[in-house]
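Engineer: Chain residues, written in single-letter form:
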Amino acid sequence: MSFEIAGIAILWTFLFGYLIVASIDFGAGFFSFYSILTGHENKIHNIIQRYLSPVWEVTNVFLIFFVVGLVGFYPDSAFFYGTALLVPGSLAIVLLAIRGVYYAYNTYGNHGKNSRIYLALYGATGLLIPAVFSTILAISEGGIIEQVGEKVFFRWREFLTNPYTWSVVLLALVSVLYISAMFLSYYAKRAGDEPAFGVLREYALLWSLPTIFASFLAFLQINKQNPAHFERMVDMSWMFIASFICFVIAVSLVWKEKYLGWCFIAVMLQFAFAWYGYGRSHLPYILYPYINIYDSFTNRTMGIALITAFSLGLLVLIPSLVLIMKLFLFDANYVRGNAGKKKG
Amino acid sequence: MSSLDPVLLSRILTGLTLFVHIIFASIGVGVPLMIALAEWRGLRTNDIHYTLLARRWARGFVITVAVGVVTGTSIGLQLSLLWPMFMRVAGQAIALPLFMETFAFFVEAIFLGIYLYTWDRFKKKYTHMLLLIPVALGSSASAIFITTVNSFMNQPQGFTLINGIMKDIDPIAAMLNPATPTKVSHVLASSYTLSAGVLAGIAAFSLLRGRDHVYYKKALKLTTVSALVFAISTVMIGDSSGKFLAKYQPEKLAAAEWHFKTMKEAPLVYGGILDENNEVKYAIEIPYALSILAGNRPDTEVKGLEEYPADLRPPLSIHYMFDLKVTTGVIILLIPVLYVLRRWLPGRKPYPKWLLLGIVLLGPLAMIAIELGWMFAEVGRQPWILRGYMKVSEAATTSTSVGWMLVLFILLYLVLCFSCIRVISKLFRNKEAEKELDSLGLEGGIVH
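Residue numbers (the numbering used here), protein chains in the order written: chain A, 1 to 344; chain B, 1001 to 1448.
Only chain A is shown next, with the shape it has when bound in the complex (with noise of 0.2 Å):
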């Protein structure tokens, strides 16, 4: 594999991790907002703030190490994305902050009081952070960024008159929701609370006819947009059927309430898929056409630096990810609240 192709895998791979447990925390905010709208609170909300607490600080993390890396691979994204970005990108991190630092305040300093002003505030913002972030990927398209002789700009009109634009921002928004949900039914399960799987079953259900609807729209709009790339992703096209058998795998699962673990590998395999489908006929674009990965690719010294880096990085990260997981969501005494008694 060269630099350039390791380099993009390594970024894709984290973006991917950001996507799954991202997800899974921005779709949460939602559903405690709505399960107040509705009547639900008491029964998800011990579920959500048990699984969130302990982790919403590593989830942040993720999407620093790919706007690092990808910084850092390719330093040439940071002119282009970076000077025409300015003000969309901006706009997000204000969401995160506000996002983070209220979950903090709420979490831990108020002993689990929950003022209405915070939910609102938190689950809106799980729904415009991703669908901020998603509009980059239509960005990547090409057609919204351009250079004029040393200046970078930001085509808004093209961007916001875009069907493709908001095809991505649907499809962020019905998957951050299918995700959340499907993620915790199981965590539900596994806590053993009966009721507050049967709502969070409810919204898995509901919310994965939208998925697919979301993905092939956004999928024929690529045709409109980008007919290379689509072209591209037609040849590759096992890849989006294997994603959509694994949803069917994961919808039947969880419509029979059996082996929810297994059935949130499935949403897990069919995100995997479609991500990796999308990314690999993306190439060799970063940003259409100005960035490709082999002519923007850092010097050859740097590149096996960060690639060292990241090796040594995972040897010390990997673990420490897989002790997080073990206490906190397969540790089955944990899950159902009965953490704070001695083990053993």
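Source of the hints: derived by calculation from the structure; they are not laboratory data. Since the structure is predicted, the reported quantities are computational estimates derived from the model, not experimental observations. Just so you know, even glycine gets a beta-carbon here, dropped at the ideal spot from N, CA and C. There could be a bad hint or two in this list.
What the hints assert, rightly or not - List time: in silico PhoX-like cross-link candidates among lysine-lysine, alpha-carbon distance up to 25 Å:
| hint | chain 1 | residue 1 | chain 2 | residue 2 |
| --- | --- | --- | --- | --- |
| 1 | B | Lys1391 | A | Lys151 |
| 2 | B | Lys1217 | B | Lys1353 |
| 3 | A | Lys326 | B | Lys1124 |
Claimed, not checked - Residues on chain B that point at chain A, a partial pick, calculated with CB under 7 Å:
| hint | residue |
| --- | --- |
| 4 | Val1062 |
| 5 | Val1069 |
| 6 | Ala1109 |
| 7 | Thr1397 |
| 8 | Leu1412 |
| 9 | Leu1414 |
On the provided structure of chain A, position chain B as indicated by the hints.
Structural biologist: The following block gives chain B in isolation, referenced to the frame of chain A:
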């Protein structure tokens, strides 16, 4: 708004983000160490007071961490959003420590999450405390990696610049540049001082309010003595920073000292004003002191600003930042010294009011010193963003929207900081240490 220069606005916005972030980052670096110290003492001496101290600190700490994380995310993205040209060029040589910082941050975040939710969860008592080691290592490593980037901006090396593109890259040499040792150690030591100072201030504040439980006295002793040790090391490292500047960045030292003519036996100028002919007035001059600061001997030759063309001189206003920072640093050192000597002082009181008041001020003073020191370091680098290679004006974004983003972030940081202070003070007011001591042992877990 948009008629203002994007370069200036980008500087202000970056400065603003760092102004906020640096306080929370310093707390993030230092407080885990203090928590570990308290928990370790609690375990070793079987003293529940120290254990409770660790718990209460951890509870407040996590809130500052949240602000630190989001402001850190902010500066992480703003580097590319506001300084795209800098990242495009310098990223070729300095991407490595930025990348490694994310790993350090990862480890810190993971273990902090585990630490907060596993009080009383392990059979062996020490296991929980050991979780703080990766937290403290991770946060200190973050600070080290980020500071090497800043050092690189002051002392770039490890590349050759050919037609605006960096070639012959040596990432390790870029990281380990001449500025790295003094800068990294100064940042770490001052973060530890700040953290110990803030925690000492909290204990002193409670004692001032008339709470005289032994819990607060133990807390005061642990934190103030730590603050003393850290303050001594900060001042000593500060001295070697002076020698570093004299050798590698003489224009910064010269501007800080209003030292215009290259000479031996140079005096140190403290305070004063400059008239229109750049003559120093009303200043205190300490003979030979600048030469001694620069090279430990009165006959050390110190380069003056005359050797640099006017457009490459740092702004002369950094003189005040430098003087104020040094003054604050000395006060921060003196207060804990007085605490240690208090029983020999007139009155021989164990907790004199004026001294407690001074200790309350340690935290705020350390914050002021850190802000001033950081501004001195960055403004003193002007006009360069990459000293000798790239000017700040060549590195900024060309976007015309920076002004509005500045307004947006001012609002954001105001809201974050005010609500942070409110939440933390509410947290401790609602749960007094004495009451918690009574109920300790009956409850487990820190958040319920």
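Engineer: State for each hint whether it applies.
Structural biologist: Structure-based check of each hint:
Taking the CA atoms of Lys1391/B and Lys151/A, the gap is near 18 Å; set against the 25 Å cutoff, the hint holds. For the hint pairing Lys1217/B with Lys1353/B, the CA-to-CA distance comes to about 14 Å; that is within 25 Å, so the pair holds. Between Lys326/A and Lys1124/B the CA atoms are separated by roughly 18 Å; this keeps the pair inside 25 Å, and the hint holds. For Val1062/B, the interface hint holds, the least distance from its beta-carbon to any beta-carbon of chain A being 5 Å, beneath 7 Å.
Because the closest C-beta pair between Val1069/B and chain A is about 6 Å apart, less than 7 Å, the hint holds. For Ala1109/B, the shortest C-beta to C-beta distance to chain A is roughly 4 Å, which falls under 7 Å, so the interface hint holds. Given the 7 Å rule on beta carbons, the hint for Thr1397/B holds: about 5 Å separates it from the nearest Cβ of chain A. Annotation: Leu1412/B was flagged as interfacial toward chain A, and the flag holds, the nearest CB pair being 5 Å apart, inside 7 Å.
A distance limit of 7 Å between C-beta atoms decides the matter here; for Leu1414/B the minimum to chain A is near 12 Å, and the interface restraint is violated.
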